Amino acid sequence: MSSTLRRLSIRRPDNVEVHEFCVLKPTLRTFSLAELKKATRNFSKENVVGRGGFAKVYRGSLPGGELVAVKKLTAAEGADRMEGFLSELGHVVNVSHPNIARLVGVGVDGGEHLVFPFSRLGCLSGMLHGSSGGAEPMPWEARYRVAVGTARGLEYLHERCARRIVHRDIKPANILLMDNYEPLICDFGLARWLPATLTQLQVTVFEGTFGYVPPEYTTHGVFSEKTDVFALGVVLLELLTGRRAIDAAKLSLVAWAKQYLDVDEDSEETLKMADPALGGRYDAEQLRNMAWAATLCVHTSPHQRPPMSEVVRILVGEGTHPRGGGRRSGAHQLDELSELNGYDVAPGYVDDLSRHKALAFAVDLDSPRTYTQQRISS
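Numbers given in my numbering equal positions in the sequence shown, counted from 1, plus 90.
What the hints contain is simulated information worked out from the structure, not anything from laboratory work. Bear in mind that the values here come from a model prediction, so they are computed numbers and not experimental data. Hints are not guaranteed to be accurate.
[What the hints assert, rightly or not] Each computed DSS-like pair below joins lysine-lysine, with the alpha-carbon atoms no more than 27 Å apart:
hint, residue 1, residue 2
1, 162, 128
2, 340, 362
3, 146, 128
4, 146, 135
5, 146, 127
6, 146, 162
7, 162, 127
8, 135, 162
9, 362, 348
[Said to hold, decoys possible] Distance windows between CB atoms, simulated:
hint, residue 1, residue 2, range
10, 124, 231, 41 to 51 Å
11, 201, 370, 48 to 58 Å
12, 410, 170, 46 to 56 Å
13, 171, 308, 18 to 28 Å
14, 339, 361, 23 to 33 Å
15, 199, 151, 12 to 22 Å
16, 407, 186, 21 to 31 Å
17, 138, 188, 21 to 31 Å
18, 359, 132, 50 to 60 Å
19, 165, 188, 27 to 37 Å
20, 186, 132, 26 to 36 Å
21, 124, 172, 18 to 28 Å
Positions of the beta carbon are idealized from the N, C-alpha and C atoms, including for glycine.
Using the sequences plus the hints, can you model the full thing?
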């Protein structure tokens with residue numbers, strides 16, 4: 091079975107190859123179904139630490155005591171499920187960065203499985219918004235570490251991979267936290283390669299999470315690296331404020347934060363957006379830098395959003411602040427969407443978008459697309 095995993099590609103019925111993946115690393119482990127059952131106590135419901143529309147995640151323990159998270163695909167069996175598995179595997183197996191979840195191994199015996207290191211602290215969503223039951227607010231030092239680490243992980247995907255990768259679903263639920271709060275970007279189920287000759291692509295089916303998708307994707311299905319940049323900007327605002335991307339009143343965090351972002355860089359208004367749970371315990375310079383980075387990231391125009399390397403420089407204090415006239419978040423400059431006039435919306439895209447929107451406003455933003463790992467005690 092393992093020999094079939096050395097070259098992963100899939101062909102459509104017309105014999106056109108739609109995936110080309112590199113040879114898998116020899117260090118990648120392949121697990122039998124028996125090994126995965128033993129690790130997860132026969133996929134016991136007590137070991138479920140996360141679930142989504144397409145997968146369940148189980149806590150497991152390998153021989154020797156290594157804790158792992160076993161992602162088991164649960165979508166209806168067929169070509170689409172296998173293609174999705176190969177697509178995600180093809181991305182995660184070809185990346186290596188301290189801020190991207192490392193693939194431990196795979197299993198194709200009795201279904202499709204991806205095995206990752208287990209995160210004891212769970213995901214950023216649980217830590218920041220309290221769904222993991224934590225009593226203490228996430229400290230500022232941890233929030234800042236998450237911001238910088240996530241930006242560095244995206245910089246790697248966008249600018250330093252042999253083939254550029256757009257994640258397309260950056261959000262707190264897809265950012266795992268190691269014991270030292272170092273973030274790991276996970277869940278590459280929606281990721282796409284971006285060809286070297288193109289700056290953006292268009293999809294015909296809406297996929298993603300409301301609150302984190304930019305205007306050009308919502309209206310036209312157009313995505314690029316700047317799709318991830320916008321999503322990171324929303325995550326930065328969540329880290330700053332402690333608020334969700336879309337609140338109970340269906341108000342966008344980007345729209346709410348504009349009152350604090352459209353100001354001069356030295357304005358005290360910026361500090362007023364700090365999460366009250368912090369009790370004033372934060373580094374003011376780091377907070378201003380994070381707010382400035384968020385301002386640029388959530389610009390309406392994708393061309394006005396910075397590359398991730400610039401976002402990293404701003405976050406670590408190496409960027410140059412603009413002077414005078416405010417920072418111009420662009421959250422209200424809808425006329426700049428005229429740059430998308432050359433794109434037609436695919437038939438059915440609007441209906442698909444409406445279904446996703448209704449679902450997003452009816453349930454928590456972490457559902458149903460993704461999974462989260464529960465926070466556990468040592």
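Here's how the hints hold up against the structure:
1. Our distance criterion of 27 Å between C-alpha atoms is met by residue 162 and residue 128, whose separation comes to about 14 Å.
2. Between the alpha carbons of residue 340 and residue 362 the distance comes to roughly 22 Å, so the proposed pair stays at or under 27 Å and holds.
3. Between residue 146 and residue 128, the direct Cα distance comes to roughly 17 Å. Compliance with the 27 Å bound is thereby established for this hinted pair.
4. Note on residue 146 and residue 135: the hinted pairing holds, with a Cα-Cα distance of about 10 Å set against a maximum of 27 Å.
5. Distance restraint check for residue 146 and residue 127: the Cα-Cα separation of roughly 14 Å lies within the 27 Å cut-off, and the hinted pair is therefore satisfied.
6. About 5 Å separates the Cα atoms of residue 146 and residue 162, which keeps this hinted pair within 27 Å; it holds.
7. Taking the CA atoms of residue 162 and residue 127, the gap is near 11 Å; set against the 27 Å cutoff, the hint holds.
8. Our distance criterion of 27 Å between C-alpha atoms is met by residue 135 and residue 162, whose separation comes to about 13 Å.
9. This hinted pair checks out: residue 362 and residue 348 have alpha carbons roughly 12 Å apart, not beyond 27 Å.
10. A C-beta distance of roughly 43 Å is found between residue 124 and residue 231, which places it inside the suggested range of 41 to 51 Å.
11. Checking the proposed 48 to 58 Å range against residue 201 and residue 370 shows it holds: the Cβ atoms sit about 50 Å from each other.
12. For residue 410 and residue 170, the Cβ-Cβ distance of about 47 Å falls inside the hinted range of 46 to 56 Å, so the restraint holds.
13. Distance hint check for residue 171 and residue 308: the Cβ-Cβ separation is about 27 Å, which falls inside the suggested range of 18 to 28 Å.
14. At roughly 24 Å, the beta carbons of residue 339 and residue 361 sit within the given window of 23 to 33 Å.
15. Taking the beta carbon of each, residue 199 and residue 151 are about 19 Å apart, inside 12 to 22 Å as hinted.
16. At roughly 27 Å, the beta-carbon separation of residue 407 and residue 186 lies within the given 21 to 31 Å, and the hint holds.
17. For the hinted restraint 21 to 31 Å between residue 138 and residue 188, the CB-CB distance of approximately 28 Å keeps it satisfied.
18. Range check, residue 359 to residue 132: Cβ separation about 56 Å, and the 50 to 60 Å hint holds.
19. At about 31 Å, the beta-carbon gap between residue 165 and residue 188 stays in the expected band of 27 to 37 Å.
20. At roughly 32 Å, the beta-carbon separation of residue 186 and residue 132 lies within the given 26 to 36 Å, and the hint holds.
21. Roughly 22 Å separates the CB atoms of residue 124 and residue 172, a value that falls within the hinted 18 to 28 Å.
Consistency note: the structure conflicts with none of the earlier hints.
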